[in-house]
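Kindly generate the complete structure, drawing on both the sequences and the hints.
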Amino acid sequence: MLTPRDEKDLSEAVAGASGPLAIRGGGTRPIGKPVTGEVLSTSALSGIDLYEPGALTIVAKAGTPLAEVEAALAQEGQRLPFEPMDHRGLLGTEGEPTIGGVVAANVSGPRRIQAGACRDSLIGVRFVDGAGTVLKNGGRVMKNVTGYDLVKLMAGSYGTLGVMTEVSFKVLPRTESTAVLLIEGLSDVDAVQALSKALASPFEVSGAAHTTKGIDGDPVTMIRIEGFESSVAYRAGRLQDLLAGFGEIKVETDPERTAAGWAWVRDVEAFHGVSGDVWRFSVKPSDGPRLGAQLGAEGLLYDWGGGLVWALAPEGTDLRDQMGNIAGHATLIRASEETRAKLPVFHPEPAPIAAVTRGLREKFDPRGILNPGLMA
Amino acid sequence: MDMPEPNAAVIAKKGRIVERLLSVLPEDAVIHEEHETRAYECDALTAYRCPPLAAVLPASTEEVSAVLKICHEEGVPVVPRGSGTSLAGGALPTADSVILGVARLNDVLEADYENRIIRVQTGRTNLSVTGAVEEDGFFYAPDPSSQLACAIAGNIGMNSGGAHCLKYGVTTNNLMGVTMVMMDGTVVEIGGAHLDAGGLDLLGVICGSEGQLGVVTEATLRILHKPEGARPVLMGFSSNEVAGACVSDIIKAGVLPVAIEFMDRPILEIAENFSGAGYPDCEALLIVEVEGSEAEIDEQLGLIKQIAMKHDPVELREATNAEEAGRIWLGRKSAFGAVGQVADYMCLDGTIPVSALPQVLQGIETLSGKYGLRVGNVFHAGDGNMHPLIMFDANKPGDLELCEQFGADILRLCVEVGGCLTGEHGVGVEKRDLMVSQFTPEDLEVQLKVKDVFDPKWLLNPAKVFPLAATESRRSAA
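Chains as they are written, first to last, in my numbering: chain U, 541 to 916; chain V, 425 to 902.
One thing to keep in mind: the hints can contain errors.
To be verified - Using 20 Å as the maximum straight-line C-alpha spacing, the simulated PhoX-like pairs for lysine-lysine come out as follows: (1) K729(V) with K650(V); (2) K881(V) with K903(U); (3) K873(V) with K903(U); (4) K873(V) with K676(U); (5) K729(V) with K676(V).
These aren't lab readings, by the way, just hints derived from the structure by calculation.
Here the structure is a predicted model, which means the values were calculated and not measured.
Spelled out as C-alpha cells, the structure:
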C-alpha cells in the first residue's frame with residue numbers, strides 16, 4: 541500500500557506507478573466496479589488547513605477524517621450544509637470516513653433538497669491527475685467563474701480523474717432547533733404529494749422523506765424544518781394547517797429523537813444488516829411512487845421529497861431494468877463483487893455522453909491507472 | 425486587448441457559408457449584410473467591437489444543430505450570444521465568426537410546481553422566468569442585476585449570481601438539466617428534473633464554460649416558493665474595517681441574511697446625490713436583508729441590530745414599510761447608473777475571502793492614488809464578491825488603458841489574498857490575460873483539455889477565457 545505523506549509525495553507516487561492504483565480515503569465506501577491495483581491511501585494527507593467561521597469557509601486535506609472536520613465546525617456553531625451520509629452501516633464497512641472520500645462520491649444527505657449536494661458546497665479542489673501533475677481548480681471563495689468549474693467534475697468522480705489532496709467548502713451555521721412533522725399510514729403516492737406540498741411552500745423544509753416501513757413497522761412520512769426556535773414553531777404550525785388533509789400530524793421537537801430519525805433516513809438504516817442488494821435511484825419526485833411500485837423491491841425508502849428512492853432487492857437482481865420509461869438514473873450501491881462485476885453499477889450513458897466521459901478520462905488519466913473501470 | 429487574426433479563408437467563402445445557413449434557416453434568421461451585422465459587433469463591453477461574418481437567430485434546437493453542423497463542416501468559429509449583456513466581452517465576435525443568438529428561443533416549455541422546476545428555452549430572460557411563475561407564488565432565485573435583459577443562456581455561460589446568492593446559490597446551484605448542442609450538431613440531454621448526475625458531473629462543467637463547450641438551448645431550473653416577506657436594515661459605519669467586522673460577526677452569529685450589500689464612501693456619495701435615498705454621511709454602508717414571516721423577520725433583524733450596535737454604527741435604520749424598504753434599496757440599485765452619470769466606468773468582479781475585505785479596500789485606495797483614477801466599491805459582502813467601479817474619461821486619450829491597468833492590479837490583489845478574478849461576470853476577453861496570475865500553466869492546460877474533448881476543432885467561442893498564447897496552437901490547428 542502506498543501512503544504518501546504529502547501532495548508532492550503523492551504526485552511522485554502516481555507519476556511513478558507502473559500499474560493500476562486503487563485510490564482509498566477511509567475505505568468505508570466501496571462503491572463501483574471492483575478495482576484491482578495497488579492501494580494508494582490518502583490517509584496521511586490529514587489536517588484542517590484553514591477555517592474562517594466569519595467567511596463560512598473551511599479547507600482541509602483530503603485524508604482528514606470527516607469527524608474531525610465536523611467537530612471543528614460544530615465548535616463554531618457551523619456545519620457542512622449537505623449532511624453527508626455515513627455508508628458504514630449500509631455497506632458493512634469499518635474505518636474512518638475522510639472528507640476526500642465524501643467529495644469523491646459526492647455524498648449528500650436529506651438536506652440536499654434545501655442546501656444542495658456536496659458538489660454545491662465544494663468551492664475548491666487540489667488534485668493529482670493520472671500523470672502525477674498537481675492541479676488546482678476553484679479556490680476558497682463561494683462565487684467563482686474564473687475558468688472551467690472542474691471542482692464539480694471532481695465531485696462524484698470516484699478518484700477516476702485524479703486523486704484529491706485538498707478540498708474547500710462553503711459551510712453554513714448550525715440551526716438552533718429542529719421540528720419534524722410525522723404523518724403515519726400514508727400510501728407512497730399520498731406521501732409524496734404531502735412532501736411536494738410542503739416543499740412547494742415558503743416554510744423552508746430541510747428534509748422530506750417517506751418510508752413504507754418505519755421503525756415501528758408502519759409507513760411514516762417525515763418533514764423537517766430547522767432554524768431559530770420561534771420560527772420553527774411558527775412554520776411547524778403553518779405546515780400542520782397546510783397538510784391537515786393528509787391525516788393526523790405529530791410534531792417531534794426533541795433534539796435527540798429528531799437527529800436519530802434523520803440519521804436513520806440519511807444512512808438508510810432500514811437496510812442495515814438485512815441481506816440483499818441496495819439500489820439508489822434519482823428521479824423526478826412525482827415519479828418516485830410509480831418507480832417504487834414498478835420495482836417490486838423488498839424494501840423502499842423515499843428521500844428528497846420522493847426523488848431519491850432506496851430499494852432493497854434479492855441479490856443479483858437488475859432493478860434498473862424495472863425503471864421503464866422513468867427518467868433519471870440508478871446506482872447499484874451495495875452488492876457482492878460478483879454482482880458488481882456483472883451489472884453496471886453506474887447508469888449506462890447515451891453514446892455521445894459516454895464519448896465525452898471517455899474523452900475526459902483519457903485526458904485526465906491517459907494511462908488509465910486511477911481506479912480503472914470503477915465507473916464503467 | 426488583442427483578438428486573433430481572422431481566418432482569411434473563412435471570410436473568402438462567406439457567400440457559400442451564408443447560402444448554406446439560408447438553406448436551414450428562414451431568410452430573416454440569417455443576418456449577413458454589413459450594415460446589419462454591426463448590431464452584433466459587441467456586447468456590454470463596448471470598448472471592443474468587430475462585426476461578425478454573419479449572425480443567425482435559430483428558433484429551435486434542431487435549427488441550432490443544423491447551424492452548428494454547417495459551421496463545423498466549414499471550419500467557421502461560432503460565438504454564442506444570449507442577450508449581449510456580458511460585461512466581459514463573452515459575446516464579442518471576430519470577423520470570421522458566426523454569432524449564434526438564442527433570442528428567438530424564448531418559450532416556457534413546462535412549469536411544474538409539484539416538482540419545483542421550470543423548463544425553458546434559454547433565450548428567455550432571467551426575469552421573465554420568474555415572470556412565468558410568480559402569479560403562482562414562485563420565483564427563480566439567481567438575480568443578476570441585468571436580469572431584466574440577460575438571457576438564461578448567458579446566465580449558464582457565466583454562472584451568473586446576483587445579490588441574493590448568499591442564501592440561494594448561483595446559477596450552477598439552481599440548474600438541474602440542459603439540452604445542449606455540441607459543435608458537430610449532436611444534441612445531448614444532461615440532467616433533468618431529477619437531482620445530481622449519474623456519471624461524471626458534466627452539467628457542472630458546462631455551467632460557467634462561457635459558451636465554449638456547447639450551445640445550451642433548453643434548461644431545467646429549480647424554482648422556489650417566494651418567502652412570506654422580506655425586509656432590509658441599513659447600517660452606516662465609521663470605517664470599512666468596522667463594517668467588514670460587522671459582516672463577519674453577523675455570519676458567525678448563525679443568521680443567514682438573504683443579502684448583505686456593502687457600499688463605500690465614494691459610491692455612497694455618488695448614489696446619494698443621484699437618488700436622494702437619504703443615506704447617512706459615513707465611510708461604509710451595509711444593507712442587510714432577511715426573509716420570512718413578520719415575526720421571523722423581527723427576530724432575525726433584532727439579532728442583527730444587536731450585533732451592529734456593538735460596532736457603534738453611525739446610523740441604524742430598519743424599514744417599517746414597503747416604501748422605506750424601497751428607499752433603502754434605491755441608492756444601491758441605482759449605484760451603477762449613478763456612477764455612469766458622473767463618469768465612464770469599468771466594473772470589476774473579483775471575489776475575495778470576506779476576512780480580507782479591509783486589506784483589499786485599503787489596497788484599492790492606494791492604487792487609486794497611484795493611477796489618479798477614482799474608484800468606488802459596491803459589492804455583495806456576504807460572499808466576498810466585489811464590484812469596484814473605476815471611473816475614467818473615455819474621451820481622454822490613454823485613460824481607458826490606464827483604467828484597464830488599474831483594474832488588472834485590483835484583480836491581481838484579489839488573487840493574492842486568496843480570491844479569484846471573477847465571481848459572476850466571467851472571464852470573456854476582459855480578464856483572459858490575467859488567468860496566468862491565478863492558474864499555473866498546468867491548471868490552464870487541463871481546462872484546455874476539457875475543451876478539446878467537447879470541441880476538438882476549437883470552433884466554439886475560441887478566443888475567450890484563456891490567454892491567446894495558451895490556445896494559439898489549438899486554434900490554428902482547427
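*Are the Cα atoms of K873(V) and K676(U) separated by 20 Å or less?*
holds, 14 Å
*Hinted pair K729(V) and K650(V), Cα distance within 20 Å*: Violated, at about 25 Å.
*Straight-line Cα separation of K881(V) and K903(U) no greater than 20 Å?*
At roughly 16 Å apart (the allowed maximum being 20 Å), K903(U) and K881(V) satisfy the hint.
*Starting from K729(V), check that the Cα of K676(V) is at most 20 Å away, please.*
Since the Cα atoms of K729(V) and K676(V) sit roughly 14 Å apart, the hinted pair holds (cutoff 20 Å).
_Pairwise hint evaluation, K903(U) against K873(V), where the allowed Cα distance is 20 Å at most_ = Holds, at roughly 6 Å.
Violated hints amount to a single one, hint 1; each of the other numbered hints is respected by the structure.
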